[in-house]
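A.B. asks: Quick note: the sequence shown uses full-length UniProt numbering, first residue 1, plus one each step.
It cannot be assumed that every hint is accurate.
To be verified - Cross-link-like lysine-lysine pairs, in silico, DSS-like; alpha carbons within 27 Å at most:
{"no.": "1", "residue 1": "K217", "residue 2": "K187"}
{"no.": "2", "residue 1": "K323", "residue 2": "K177"}
{"no.": "3", "residue 1": "K76", "residue 2": "K177"}
{"no.": "4", "residue 1": "K187", "residue 2": "K177"}
{"no.": "5", "residue 1": "K187", "residue 2": "K76"}
To be verified - Across the chosen pairs, the derived CB separations fall in these ranges:
{"no.": "6", "residue 1": "R6", "residue 2": "W469", "range": "40 to 48 Å"}
{"no.": "7", "residue 1": "E126", "residue 2": "A346", "range": "43 to 51 Å"}
{"no.": "8", "residue 1": "A192", "residue 2": "A156", "range": "37 to 45 Å"}
{"no.": "9", "residue 1": "S327", "residue 2": "E451", "range": "31 to 39 Å"}
{"no.": "10", "residue 1": "P162", "residue 2": "T251", "range": "19 to 27 Å"}
By construction, these hints were calculated from the structure, which means they are not laboratory data. In this text, a Cβ means the ideal position worked out from N, Cα and C, and glycines have one as well.
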Amino acid sequence: MTSTIRLYNTLTRAKGPLRTERPDRVTLYVCGPTVYNFAHIGNARPAVIFDVLARLLRHDYPEVVYARNFTDVDDKINAAAAEAGVPIGTITERYIDAYHADMQALGVLPPDLEPRVTAHMADIIELIETLIARGHAYEAQGHVLFDVASYTAYGALSGRRPEDMVAGARVEVAPYKRNPLDFVLWKPSTPAMPGWQSPWGRGRPGWHVECTAMIGKHLGHTIDIHGGGQDLIFPHHENEIAQGTCAHGATYCHTWVHNSFITVEGQKMSKSLGNVLLVRDLLSQAPGEAIRFALLATHYRHPLDWNARRLAQARQTLVRWYKRLASAEVDEPAEQAEWATLTPDAEVLAALRDDLNVPRVISRLHELASAIGDAANADEARAAAHQLRASAALVGLLQQPAAEALNALRHDTSHSPHARLPAQRRIEALLAERHQARQQRDFARADALRETLEAAGVVIHDTPQGSEWQFADEVTV
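Taking the hints into account, I'd like the entire structure generated from these sequences.
C.D. replies: As C-alpha cells, this is what we get:
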C-alpha cells in the first residue's frame, strides 16, 4: 500500500513520506523507561505521543509491530537495590507494575512487545561477538568497546562531527579506550553486582547495545520507525545506528522520530529544583484523560511547559466536550459499538498523517463538538456525537461514558477528602499575603500573587467582604 503518513525524520532533518520495508507492515520501536523509580511527566510524554502514532499506524496498515522496552539492568537500579538490600528484580518489578498502572491511567494502549534487557543477554553477547568479528569492536581490560573510528558515518543523526565530540561533556574518557569516543558494549561486574557469564568474563552490557540487540531479535535488522525523547539522539541513538549498521551491513532504521522536552513552570525538571512531577501525583489532581490532553495540546516536536493552567484548561475543554456528548447520546454503552466502527473525520486523519499534528486535530474536534449543538434534530445530534467519538479515538480521547467522565473531571480524583488540604493551606497563605499587599497599596505585588494563584488553577472572586476562591475544576461549567 502507499502510505500518506509524513513524519519529520531527525536523520534527514526533513519531513517526508513514511518508508516501510514491507508495504503492508510497519515496525516501530520506542525506548522505554529505566525502571528504578516512578514515571514522571517527562517519561509520560513519549509514551502518549507514540501511542497516538501507533493508533494511526494501526488505522492505516494491516499489520503493526510496536515494541517498547524496559531497561531493567542499570547502575541506578543496582544502587537502588543495594540500598534496599533486595535483588534488582524486586526493584524493577515494582516499578514496571507502577509504570503499567500509570500509563493505563493515561489511556496508553499496551505495545505489542515489551522486551526486557535481562531476558536478552544471549542476544546481546551474540551481537557483540559479531561486532568484534567484523572489526568494529575490541576487548580491553575486561571491557569490550565499539571502535567509533571504524564507522565513518558516525555523527550523522546528531549532526556532530567526531572531532568536535571528543571534548563533549557526555563522552567518557578512559585509559583503555583507543579513542575517547569509543563506547562500552560490555563491562565487568564485581561479585556484589549483577552479572552474566560471557566470553569476556562475568559482566553486564553497556546501555546502547541493549536496544540494538532487542530490535534485531524482535523486529529485524532494519526497522521502519525508531522513537524516543530528544535527549536520546546523542549518544544513545547515534550509537545504536553505529552498532546495527556495522553488525549487519544494512540500514538500521528508515525514520527517526523524537519528541521535545518538558519544562515545569518555565524551568528544567530536576531533582535539585524539586520540580520532578510524578505521574501518580498528578493523577491525584486530575483524571488521566486530562493529563493526556494536556500532554497532546502542544506539537510533539515543540517544547512543552507544564503548569497548572495547562491542566485546568485541558480539564475544562473535556468537560465541554463530554457535556455535548451527554446531551446527544441516549444509551452510551449500546451506542459504543456504532461509533467504534465509524471512519474518523477526514480532517482529523489528514492532520495526524501530517507529522502527528495533534493541535490541529484538537481544533477540528472543537468543530465536531459544536456540530452536535448545531444539529437540526436528535438523530443528527447523535450522529455528530458518534463522529466526534470515532475521531477522538485516534488520539485516545472521549472514549468514556459521558456521565462517568464528567463526574471525574468535575471533582478531585483522590478518594481522600483531605487530599487537597496541603494545597489549600498554601493558597490561604498566598491570599493572606495578597490581602496584605493590597492594604499596603503594593498593587504590583498583589497582581503577581493573583497570577500565581490563577496559574495554579485557583479562581479568585474579590468581594466587599473579602476575597473568595475555589479550584478551577470545581467551578460550575
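A.B. asks: Now tell me, hint by hint, if it's right for this structure.
C.D. replies: Consistency of the hints with the structure:
Proximity of K217 to K187 is assessed by CA-CA distance (about 22 Å); at most 27 Å being required, the pair is judged to hold. Annotation: proposed proximity of K323 to K177 is violated, straight-line Cα distance about 63 Å (limit 27 Å). Distance hint between K76 and K177 is fulfilled; the C-alpha atoms sit about 24 Å from each other, no more than 27 Å. Restraint check: the Cα-Cα separation between K187 and K177 comes to about 13 Å, which is no more than 27 Å; the hinted pair holds.
The hinted pair formed by K187 and K76 meets the criterion: a straight-line CA distance of about 15 Å does not exceed 27 Å. The beta-carbon spacing between R6 and W469, approximately 47 Å, falls within the hinted interval of 40 to 48 Å. For E126 paired with A346, a C-beta distance near 47 Å keeps the hint of 43 to 51 Å intact. Checking the proposed 37 to 45 Å range against A192 and A156 shows it holds: the Cβ atoms sit about 40 Å from each other.
Distance hint check for S327 and E451: the Cβ-Cβ separation is about 35 Å, which falls inside the suggested range of 31 to 39 Å. As the Cβ distance of P162 to T251 is approximately 21 Å, the hint placing it in 19 to 27 Å holds.
Checked against the numbered hints above, the structure breaks only hint 2 and satisfies the rest.
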